[in-house]
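*Asks:* From first to last, the protein sequence lines stand for chains A and B. For the first sequence, position 1 matches number 1 in the numbering used here, and the numbering has no gaps at all. For the second sequence, position 378 matches number 378 in the numbering used here, and the numbering has no gaps at all.
Errors might be hidden in some of the hints.
[As the list claims (entries may be wrong)] Here are the in silico distance ranges between beta carbons for each label pair:
#1 B:P274 x A:K280: 52 to 62 Å
#2 B:E130 x A:P274: 26 to 36 Å
#3 B:E345 x A:E231: 56 to 66 Å
#4 A:K288 x B:S163: 20 to 30 Å
#5 A:E47 x B:K142: 27 to 37 Å
#6 B:P274 x A:K306: 33 to 43 Å
#7 B:M1 x A:E47: 55 to 65 Å
The set of hints was computed from the structure by calculation and includes no laboratory data. Backbone N, C-alpha and C define an ideal beta-carbon position, used for all residues, glycine too.
There are 2 protein chains.
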Amino acid sequence: MNLFILGVTGNIGEQTLDIVRSSKGKYKVVSVSGNNNFEKMKNIIEEFKPLYVSMGKRDIIIRLEKLYPKIEFGFGREGLIKAATYSKLGNDLVVNAVVGSVGLEPTIEAIKKGRNIALANKETLVIGGEIINKLIKKHNVKLIPIDSEHSAIMQCLNGEDSSTIKNIIITASGGSFRDKTKEELKKVTVNDALNHPNWSMGAKVTIDSATMMNKGLEVIEAHYLFNVEYENIKTVMHRESIVHSLVEFHDTSVIAHLGNPDMRVPINYALSYPKRTEYKGEALDLIKVGSLHFEELSYKKYPLLKMAIDAGKSKGLNPTTLNAANEAAVNLFLNGKILFLQIEEIIRESLDVFKNDSEISLKKILDRDLKVKDYIYKKYS
Amino acid sequence: MNLFILGVTGNIGEQTLDIVRSSKGKYKVVSVSGNNNFEKMKNIIEEFKPLYVSMGKRDIIIRLEKLYPKIEFGFGREGLIKAATYSKLGNDLVVNAVVGSVGLEPTIEAIKKGRNIALANKETLVIGGEIINKLIKKHNVKLIPIDSEHSAIMQCLNGEDSSTIKNIIITASGGSFRDKTKEELKKVTVNDALNHPNWSMGAKVTIDSATMMNKGLEVIEAHYLFNVEYENIKTVMHRESIVHSLVEFHDTSVIAHLGNPDMRVPINYALSYPKRTEYKGEALDLIKVGSLHFEELSYKKYPLLKMAIDAGKSKGLNPTTLNAANEAAVNLFLNGKILFLQIEEIIRESLDVFKNDSEISLKKILDRDLKVKDYIYKKYS
Numbered sequence: 001m002n003l004f005i006l007g008v009t010g011n012i013g014e015q016t017l018d019i020v021r022s023s024k025g026k027y028k029v030v031s032v033s034g035n036n037n038f039e040k041m042k043n044i045i046e047e048f049k050p051l052y053v054s055m056g057k058r059d060i061i062i063r064l065e066k067l068y069p070k071i072e073f074g075f076g077r078e079g080l081i082k083a084a085t086y087s088k089l090g091n092d093l094v095v096n097a098v099v100g101s102v103g104l105e106p107t108i109e110a111i112k113k114g115r116n117i118a119l120a121n122k123e124t125l126v127i128g129g130e131i132i133n134k135l136i137k138k139h140n141v142k143l144i145p146i147d148s149e150h151s152a153i154m155q156c157l158n159g160e161d162s163s164t165i166k167n168i169i170i171t172a173s174g175g176s177f178r179d180k181t182k183e184e185l186k187k188v189t190v191n192d193a194l195n196h197p198n199w200s201m202g203a204k205v206t207i208d209s210a211t212m213m214n215k216g217l218e219v220i221e222a223h224y225l226f227n228v229e230y231e232n233i234k235t236v237m238h239r240e241s242i243v244h245s246l247v248e249f250h251d252t253s254v255i256a257h258l259g260n261p262d263m264r265v266p267i268n269y270a271l272s273y274p275k276r277t278e279y280k281g282e283a284l285d286l287i288k289v290g291s292l293h294f295e296e297l298s299y300k301k302y303p304l305l306k307m308a309i310d311a312g313k314s315k316g317l318n319p320t321t322l323n324a325a326n327e328a329a330v331n332l333f334l335n336g337k338i339l340f341l342q343i344e345e346i347i348r349e350s351l352d353v354f355k356n357d358s359e360i361s362l363k364k365i366l367d368r369d370l371k372v373k374d375y376i377y378k379k380y381s
Numbered sequence: 001m002n003l004f005i006l007g008v009t010g011n012i013g014e015q016t017l018d019i020v021r022s023s024k025g026k027y028k029v030v031s032v033s034g035n036n037n038f039e040k041m042k043n044i045i046e047e048f049k050p051l052y053v054s055m056g057k058r059d060i061i062i063r064l065e066k067l068y069p070k071i072e073f074g075f076g077r078e079g080l081i082k083a084a085t086y087s088k089l090g091n092d093l094v095v096n097a098v099v100g101s102v103g104l105e106p107t108i109e110a111i112k113k114g115r116n117i118a119l120a121n122k123e124t125l126v127i128g129g130e131i132i133n134k135l136i137k138k139h140n141v142k143l144i145p146i147d148s149e150h151s152a153i154m155q156c157l158n159g160e161d162s163s164t165i166k167n168i169i170i171t172a173s174g175g176s177f178r179d180k181t182k183e184e185l186k187k188v189t190v191n192d193a194l195n196h197p198n199w200s201m202g203a204k205v206t207i208d209s210a211t212m213m214n215k216g217l218e219v220i221e222a223h224y225l226f227n228v229e230y231e232n233i234k235t236v237m238h239r240e241s242i243v244h245s246l247v248e249f250h251d252t253s254v255i256a257h258l259g260n261p262d263m264r265v266p267i268n269y270a271l272s273y274p275k276r277t278e279y280k281g282e283a284l285d286l287i288k289v290g291s292l293h294f295e296e297l298s299y300k301k302y303p304l305l306k307m308a309i310d311a312g313k314s315k316g317l318n319p320t321t322l323n324a325a326n327e328a329a330v331n332l333f334l335n336g337k338i339l340f341l342q343i344e345e346i347i348r349e350s351l352d353v354f355k356n357d358s359e360i361s362l363k364k365i366l367d368r369d370l371k372v373k374d375y376i377y378k379k380y381s
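Okay, chain A solo, but in the shape it has when bound (with noise of 0.2 Å):
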């Protein structure tokens, strides 16, 4: 199988290579994208001989080009869109690992190009969710879920009927300050932020972790992927981490997906989608872990996931300016320009300031994008 990989230096794009590694030649990397770490971009150019790659900026590439001259190379926008529909070869899979809206555009691309998607960039279908259903289905193409909870939905999904679901129940670990009254998150730092309890993952999801946002995103994506309405999509706090979402049956039977944390499990599903093929990693030992716990998410500790489900609802450009808030926002807190509870202010204010449409169109959700973050960045830098 061939694969194009967007944002092949990030934690998931790394650990999508480390599934490539493992497999024994069954996966060949034909294109790659990343953004601006050149050194881990020469490694996986040594390592697994890509025939695109693209950065973020122009300046990377030029000094990338000279040492690999038979590579073909892009940058940008542009250069993201070619790494997502290099030339076709058959059976291939688009791996979009990107973090932030500009995934959306290239997964657009790709699915018109008849090309499956094992989808990482929550942000496709939380800003551009009605558009990529209506191109799916024009396109006849696979759109799989790298995301834990949403892996471990399809998998407890496995084939069954949708009109027998009754709810989705998507767990979340609390993240970072689950334990931390409101009063002590007024001073949490970065660093606070970025030691999540259980998964290793990027700083972005990492912050969204802790704010909830990331649920509330993950809801959003859940009603998109499994065509499940918002008032059957539920959310319970769940520490250990272990039981990754569940589905309730109208014959009140649950199924529920278990496993160490890990996410090279959902993306080695994802590779191998529709069969399951073997990965070597951690047994879940269920007399060791002991027991699993199961608590309420609190909307009042959490307001930022109440936000984000009913932007969800709102549809049309609701839910692209709470992503593009999110992104700017959270860009912020990771530079010390603002402190952590600011996070849901700005947000707040974005949804206050930018009002919704909801006819939508691409040009629409890139333009809201840029507007909301331009507000905020020249407001709070």
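Assemble the complex: chain A is given as a structure, and chain B must be docked to it using the hints.
*Replies:* Structure of chain B alone, referenced to chain A:
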């Protein structure tokens, strides 16, 4: 769908009728068998109007015949087989909820008639697994388990390729005596044993649950149902009886079936298989449950678990000897003839006295069953 319900007056039989009641005419009860409960059978006849009725002994049949001259009646072994094979109507399902080895023959005869089986009678597979699996293949019928554990496993597998299974993990509540020491077990009474913490079941199964023989029989049953080696069938103690069993796949993914303990869920699933039809039971509330616990199921504390698995592994007539000895011993315990811990001693003794024979046949199985029971009743009554 036409139902042929064996053991209709027992616990599983009654709950099967609950499902029939709530199905609004989807199921028609064609034939039923009971043992000696005249009043219960009278009520069932009035409500469900079966065409054929069989009871354990002739005297009850004579009383029933006077009341219902239009119904066809039978009794004993032949009556039971006739209930399972009664006139072919098309879209037929035999529900075998008989307790004990007596359930084997009617299953065999129903399979030979090309009839699908919803199986609550563990003994069918424990003592006849080798024979049954050949017949199922030959007559191309479906064997759908009603046990909550096996129904759970079937739902977790849900069409997955059996080559992807690494382990089947069967949960056990621990039974009525899970927190008692060996010393305390010496003086437990029948009433103590019948007080199961989670499930409402028949007397025999409740005692088997306390000795953990039940779990041993389930391991053997799982071996034949899912074609999984004994080394890959694990057991784990799970006090809450919320996780009904799990399947571990070769990619470390573990799929579990959860729900409140309610046998009508697996019964409903077996009746509607391969579809999943609605059942208005109590929804699982994970937050209310709060936590799920998993502990080792110790062979030291439950020697009958190991004895059963060893008998299963050795195949031939050993499972029949084990099962017959257990049936007789549990019967003696329920009638106050022996102490609780003697059940284990008597089974061990029987496996010593009656040697294994790897060349099995239905005749040999029924013969061994009779001889073992005879030996025990003569010695211990």
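*Asks:* Evaluate each hint against the coordinates.
*Replies:* Here is what the structure says about each hint:
no.	hint	in the structure
1	B:P274 x A:K280: 52 to 62 Å	33 Å, violated
2	B:E130 x A:P274: 26 to 36 Å	33 Å, holds
3	B:E345 x A:E231: 56 to 66 Å	58 Å, holds
4	A:K288 x B:S163: 20 to 30 Å	27 Å, holds
5	A:E47 x B:K142: 27 to 37 Å	49 Å, violated
6	B:P274 x A:K306: 33 to 43 Å	39 Å, holds
7	B:M1 x A:E47: 55 to 65 Å	58 Å, holds
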